[in-house]
Amino acid sequence: MKTLKVLCALLSFGPFALGRDEEQVPLGVAPNITVLSPEKVKQWVVPAWYSAGVYCSSRSVAEWRCGPACEALKKPKNIVVGGDGGHTPRFLVATLDPQTLIVAVAGTNATSSESIDIDLDFKLVNAQDEHFPKAEDKGVLLHQGFYGAFQRIIPDIESAVDSGVRAGVKTVIVTGHSLGGAIGYLVGTYLKQRYTGTAVYVRTFAPPRVGNKAWADYVDDSFGLYAQHMVNFRDTVPHVPPRDWGYWRPSFEVWQLYDDKNHRRYWLCGGQENVDCSDQIYSRGRELVLMSNFIFQFGVPEHLGPYVNVTLSSEECLEQ
Numbered sequence: 032m033k034t035l036k037v038l039c040a041l042l043s044f045g046p047f048a049l050g051r052d053e054e055q056v057p058l059g060v061a062p063n064i065t066v067l068s069p070e071k072v073k074q075w076v077v078p079a080w081y082s083a084g085v086y087c088s089s090r091s092v093a094e095w096r097c098g099p100a101c102e103a104l105k106k107p108k109n110i111v112v113g114g115d116g117g118h119t120p121r122f123l124v125a126t127l128d129p130q131t132l133i134v135a136v137a138g139t140n141a142t143s144s145e146s147i148d149i150d151l152d153f154k155l156v157n158a159q160d161e162h163f164p165k166a167e168d169k170g171v172l173l174h175q176g177f178y179g180a181f182q183r184i185i186p187d188i189e190s191a192v193d194s195g196v197r198a199g200v201k202t203v204i205v206t207g208h209s210l211g212g213a214i215g216y217l218v219g220t221y222l223k224q225r226y227t228g229t230a231v232y233v234r235t236f237a238p239p240r241v242g243n244k245a246w247a248d249y250v251d252d253s254f255g256l257y258a259q260h261m262v263n264f265r266d267t268v269p270h271v272p273p274r275d276w277g278y279w280r281p282s283f284e285v286w287q288l289y290d291d292k293n294h295r296r297y298w299l300c301g302g303q304e305n306v307d308c309s310d311q312i313y314s315r316g317r318e319l320v321l322m323s324n325f326i327f328q329f330g331v332p333e334h335l336g337p338y339v340n341v342t343l344s345s346e347e348c349l350e351q
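Here the sequence shown is numbered in our numbering, starting from 32 and rising by one per residue.
These are calculated hints, taken from the structure and not from any lab test. Just so it is clear, the structure is predicted and the values come from calculations on it, not from any experiment. Among these hints, one or two may not hold up.
In silico lysine-lysine, DSS-like type, Cα no more than 27 Å apart, as pairs [said to hold, decoys possible]:
no.	residue 1	residue 2
1	K244	K169
2	K165	K154
3	K292	K244
4	K292	K154
5	K71	K292
6	K165	K105
7	K201	K165
8	K244	K165
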């Protein structure tokens, strides 16, 4: 049990619009890196708070008693909550403004063996065209645990988003931390295919890898810069499952790193598995070692953040 709690803690897989200037990535510290401006960094703050809040119980979120997140955010006019924090991850769909919805998926519930099992179900399985059109022909493979959890929550999420779109919503932001970040990529990509007249953005934190190279290409082809994920410096979770197991990460990592005075900087990293960003810390060989360490004793304080000054953990909730 102690081993599982350590593993789970590490694998806690758990209004804005981009400016036109982001459609072409300018050169930064390397040919494929842009240093994000403070204005661009601020666009991550609201997703971070929702990623924190969704860790709390559905009752707490529905009553808007989700600790620091609910204190930092304006209570939404409309909010839908779901999931049981076990076999079915918690999620929320909330109205940011009359034209914007945010969807957040929670990370792993450290007290639930069923939640942990989602993380550990590493087998790659075929994506189904009913969820991701033409994915079968493209050879898209997905983490069986993440894909199964996605299928359990997407009907209720789609129903809430559909109601919003019919009421005039033009933008949907999908977020989540760790497990929630991984499932968030699946949710966002699904919604992108379903609502072609709606702007869908993915902004996730510390997601583990979700699928193979064909999946990474599918995400990139669907979103371009509209899908991004933030990695906190040396956090290991975004580097599992390993590339040598057939997993691969899509483009546009935002790497949160620190200078010699401990000031945060944020690099927008172009390309998949960018070796100038967090991949420079963990080689393929080290990723395999990380998996062994996860199972036995490894600890990663960076995983919970803070991200843009927001800590992502159920420990921040007033009620579990």
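How the hints compare with the structure:
{"no.": "1", "hint": "K244 with K169", "result": "holds (10 Å)"}
{"no.": "2", "hint": "K165 with K154", "result": "holds (21 Å)"}
{"no.": "3", "hint": "K292 with K244", "result": "violated (37 Å)"}
{"no.": "4", "hint": "K292 with K154", "result": "violated (42 Å)"}
{"no.": "5", "hint": "K71 with K292", "result": "holds (22 Å)"}
{"no.": "6", "hint": "K165 with K105", "result": "violated (40 Å)"}
{"no.": "7", "hint": "K201 with K165", "result": "holds (25 Å)"}
{"no.": "8", "hint": "K244 with K165", "result": "holds (15 Å)"}
In summary, the structure is inconsistent with hints 3, 4 and 6 from the numbered list given earlier, while agreeing with the others.
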